[in-house]
Every structure is written in C-alpha cells, then in structure tokens.
Amino acid sequence: MDFELTEFQAELAEGMRRLCAGQFPLEQVRLPESTERVVDRAGWRQLGDAGVFNLCLAEEAGGVGMGLAEAALVFEELGRALLPGPLVASHLAAGLIDGADDGSVVVGLVERPDPARPEAAGVVPVIIEHLGDLDVLLLLSDAGVASVDPASLDATRLKRPMDPLTPVWVVPGLPEGTPVAGPEIAAWWRRDGAVLTAALQIGMAAWTTELAVEYAKQRRQFGRPIGGFQAIKHLCADMAVRTEVARCAVHAAAVTVDQPEVGDALVAVAGAKLLSDEAAVANGRSCIQVHGGMGFTWEVPAHLAYKRARVLATQFGTEGALAESLAESLAESGRGVR
Amino acid sequence: MDLRYTDAEQAFRGELRSWLETTLPGLPPKPSPHDWPGRRAYDTHWQRLLSDAGYAGIDWPVEGGGRGSSPVEELIFKEELERARAPYVGVNFVGLLHAGPTIIAEGTSEQRRRFLAPILQGDEVWCQGFSEPDAGSDLASMRTRGVRAGDDYVVTGSKIWTSHAEVADYCELLVRTGADDSRHRGISWLILPMDTPGVEIRPLTTIAGSTEFAELFLDEVRVPVANRVGEENDGWRVTMVTLSFERGTAFVGDLLEAIELLSSAVTLAQRTGAWSDPGVRRQAGHLRAELDALWALTKRNVSQAARTGIPGVGGTFFKLAYSETRQKLGEFSLALLGRAGLAADDIEGLDGEGPLPAETMVEDWLRGISLTIAAGTSQIQRNIVGERILGLPKEPVATTGAAREPARQRT
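In the order they appear, the protein sequences are chains V and B.
Residue 1 is where the first sequence starts when you use this note's numbering, and the numbers rise one by one after that.
Residue 1001 is where the second sequence starts when you use this note's numbering, and the numbers rise one by one after that.
Some hints here could point you the wrong way.
[What the hints assert, rightly or not] Estimated spans, in silico, between C-beta atoms of each pair:
| no. | chain 1 | residue 1 | chain 2 | residue 2 | range |
| --- | --- | --- | --- | --- | --- |
| 1 | V | 122 | B | 1007 | 52 to 60 angstroms |
| 2 | V | 222 | B | 1379 | 40 to 48 angstroms |
| 3 | V | 122 | B | 1353 | 36 to 44 angstroms |
| 4 | V | 127 | B | 1240 | 52 to 60 angstroms |
Quick caveat, the hints were computed from the structure, so don't treat them as lab data.
Beta carbons: idealized from backbone N, C-alpha and C, even for Gly.
Taking the hints into account, I'd like the entire structure generated from these sequences.
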C-alpha cells in the first residue's frame, strides 16, 4: 500500500499545471466572460494533444490507456486553472463520439430528467451548459446515452448566467435522440463523471486557498498584514484542511475505481463528490471574504471559482442525492469501510 | 497511488489476526473504569502478551528493543487490533508513545538499558508532566523550577493533565532550569520516579466523570541529574524530536471506532424510526463521507511517512478535521437517543429489542469534547497550519512548538 503519488503521477500533474499556466493564463481564460461561446477551439485541440480527453481510452482504441487516478490528477489541474467548457463530458465521450478524443469535436452532456426522481420532476426546465460551443450533445439517463444535434434544439440562451464562463440555455424538452450507449456505460459515466468533476472542484479549492493566502500576506490593515490576525488566518487554515481532506477522498475514489478489490467504488465516489463540492463552495466563499470589499468586485477572480463550484455541484450528483446514497450504504451494510 | 497491500503486508496481517484470535479469548474480564489498580494490571498484562508475541513497540526501532515495523505494518497492526476489539494501549500510553521513543532518541546508553525494556514488557508505567495550570497552549512559559543542588535537581511547582499519575512509576517531566524568561531555551527533560518524597497527586474529575487526569504538586522533589535526558536547557528540542516518531497512525483505532459508532447510530435510528427522516439520513451520509475521507487521509499520511521517514503536515490536517467530525458524530448520536440520552445508562427499549446504547453514546459525546482541546487546541492547530504550512505572518508571541501532548487516551 502506497497512497502517495508515483513519480510518474507527480510529473503528469506537474506537466499539466505547466501547460495550463503557459497556455491558459487566467487573463486569457477570462476573455470570453459573459459571451455565448467560451471554448477556444485551438486550446481545446491542445488539451486533446495533451491527452486530457483520451487519457483513459484503451491504447488499441487510440488512447493513452491510463487509469482514472491519472485522469483525476489531470482534471485537478484543469480545475485549478478555471478552464471552462464541457471537459468532463468530452473526456467521457472519447471513444464513443468521433473526434472527442483529440479535441476536434466538443461534446456536451445533460441529464435527462427522470420522472421517477421527485427532485427532478415537474418544475425546473432542462438547462444545458455550453450549448453554443457544442458539436454533439449527449443525453444521459439510467437507460443509456443518446446523441442529439445541438442545432436541432429549440433552445433559448439565458442572458445572465450565474457563472460568466458557463453560458446556459433553456429548452422546453428533450428529443429521444440517437442511442449511442446502454445502461452499463451510463452507470460508469455517472461514476467516472462524478470523480472527474470532484477533481475539478478540489483543484479550484486549492487555488482559492492560495489566492486567499497570497492576499492575506500582502494586504495590510492596522499596520499589519491581515493574515497575521487569527480571524483571517483561521479562515485560511480551514480552507487548506478542507482541500486536503477532500483531495484524499477524490484520490481514494479514483484509485478504488481502478482497483475494485480495495473497496466499494460507488460509496467512495459519492463521498468524494460530496466533500469536494463542499470544499470548493466553502473555499470560494471564504476566498471572497478574505478579500474583503475587493472580493465583492468582478475584477478579483474569487467569485469565478465560487460560481463555478456552484455549477459543478449541480452535476453528477447533488448534495441531497449523494448524502442519501451514502446513508443507504450505511443502512445496508451496517459496516464501515475497509 | 496504490491502495492494495503487498503479499508481505497481507502475510503480516494474517499472522497478527490469527494471534489475536487465539489470544483475546483468554483475557481476564475488563476492570471497571474507576478501578485504577485493576486497570493497570489489565493493561500491563496485555502489554506483556504483546511483548511475548513480538508485537511490543511495533513502531520502535529494533535497536530500542522494538519490532521496527514499517509505517504500513503499524497501520495494519492498529487496524487489526481495533477490528478484533483488542484492549487499548491504556496506561502504557505515555511510555510507549512518548517517553520510550524520547529515551531511544536522546537518552544515554545507561538510560536506554534501564528504562526501555520495562516499558515494552508492561513492567513500568509512565505519565507525563508537561502542561501547567498557567502554561497550556503556551507551554514554553512553564514555571516549575529545577534548581541544581549537587547531583540533584530540586524541583518545585505543579503540573496538570497528568494521565494515569496514580498508577505511574515514572513521569517524563519538563522543568525550567534556565532563567525565568528563557522560554523554550531554558527547559530540561527529567525522569521523575513517582515515589520520590514531595510528589503529591490530586485526581481531576473530567466532565465525563472520569479521573484519568491528575494534578501533580512538586515540593522540593529531588531528581538525580543522572535522570536528565539530553542536555540541560535542551529539553524543548528533546520533546520535539519525539514528535517525529509519529507516522500518521496516532488515530487509527479512534477512527475505526468512530466508523463503528456511526453504524450503531444508524442501527439506533432504524430502530426508533428516525431513519425515515431525510435530515437524519443525510447527516449520517455526510458523516460516512467524512470518516471515509479521513481514512484515506490516514493512508496518505502513513504512505508519506513510509517514503520520507518524517511525518508530513497531514497529521495536523487530520487532527483538525477528525476532532470536528468526531464531535459531530457525538452530537448526532445524542440527538438520536432523545430522552434516553438523559442518563449514561443502557435502559431497556420498549420494542423488546434490548437496551438502548446510551452508555456508549453519552460517554463518547462527552469524551469527544476533549478532542478539540487536547494535544493542542484546534485554535492553536489553525495557527500552526496558517503559519507553518501556509506561511502567514506569526502571532505577536511565537507559537512555534505549541504544546503537543500525546493524543487523547481512550478508556
């Protein structure tokens, strides 16, 4: 048992961090804020070349053949860079939709509302992220995955998206679409999609911690850097703790998917998504607070991470459903983890 | 990242498991928590059994008489003991986890020869005299004096939170040998025989009603200079060196116990009907996620110790997160008990399904309150994270090396 990153894994993460810092600096990532299209096609291809989408695809299918653990490390870095776009959907679609694997085709995904799930029934219409950027839209349900031409939808763009880098559309309903995968694929997409989304969240949680700490070191009030005051220092400490705990949960979930004999992957994944959603949301909020009045301005990027965390918390399992599924696992087994 | 155990690690687990299966049924009945001589006898007997089987001092280096196991084996050891419901380390806590490792690292060869084997074999029990009534989080301000008089130090002052003082043979004692304001530069580490004239022990009763702590009053107590570990005035460093023995496993038993307690809480909720409340189920789900994540963090910390030989920052993260999760679990259980939680007695349920587990849950809730206080309060831990890990400016008075006593001792 060695739960530290291997040398290769550490290099992979480091390489992805360098790529993002060099190719996708925040000033550039922010350029399309509040516009209809936020995916930079050339950049998407670069991500494809770097293996972001085909990392887990088998080598014989033209992929890199790595595990979900490696993908989680890569997605952590994408989260840290606040990269917008349907990253998780395009990664899942590699091998199923031509061109998803190398980044030449941008694939999005939306849950088909399930009338059997009372939370989804009835009131809130279907909201689709990034529709304007998509070449293919996939509809996910327990029954499987279906493909839809995004242009065929009667979609209305919402003028004031909560996250300025996640444009959203509303549709009155969803067509049947063309089936592209069955229930088994749908189930593993749900699982892997939750892990990769959680990885984006912990990347952001780590980034907002650093942003808050940097600011707390240089901002002076009462003649001292504000980070010297316990009220601020402890906010920052809590951010760091939350990130590290959630990070271990995400890594353990990814490894458990890769090494099924070590535990119950679905339980590990639900816990990881739950805690990383919480960490990203709480850290985004604290980051704004540490910045004081400046944190309330559009210019300071703290709000971007906070808003993105809220967006991602609605995807691949929400708080209530995740906590319920964990409760179910407790009720069934009456026995803890191994 | 690999969560699979190697063949050698699994073999270690297998041997340990069969030893536990044959040994545990032969243990005498557990003494009452208030019977201190009985507890000492029970705990030291268990230590003797471990020692005879070669499991004593699992984490101690071989040259100190220990087994010299890897951090991963240490993790497996603690995991298996907890799962088999083996006795806790009990009164051997300070000797095994603090005093012994300190003497291994900093003691003279004579001190090592004299003191190590009796700790490993359960022959001698240690307690700790670090904190003082006026020196808690700010341990470096301690005032208990050690004045050199010939071959002795004459020690006068008082100590507090001294676990198991009543049954201890020796105390690891920090005394001020430097100037009054020398702070951490003027402290020495002494071995105090508890039967020395001038040592008075006054038990403290905790909010849980237990008496595992005591106050020590020291009135002109003569401690031989030969009992000093390390140089005079170098006791602070001696104490800190020992912390590097921690390899991420300090809370393994506690964490697994918490996972068991959550299961009991869920069983209780199912029994009372509270489980039909989505709020209750979600709280349980959150607790499960947190405990699982802490188990993953434990494995990360142990792996780091195995690679680098030193404890990383993860231990501080763990303590902060675990103590809060454990307290949430305590509150959760207490709420589920409802009015059955008004006494720590297991009363019969009206459903004919046996007693309601109030004793365990009420006591656990109360004892859990110490977690954010003992071994460095959560506020001090946050300062440590903020200053030493995140690099934020220090408090006006340095908090370097804040008080860290051994973690909570389960009874």
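Checklist entry - Which hint numbers does the structure go against, in order from smallest to largest? => result 2
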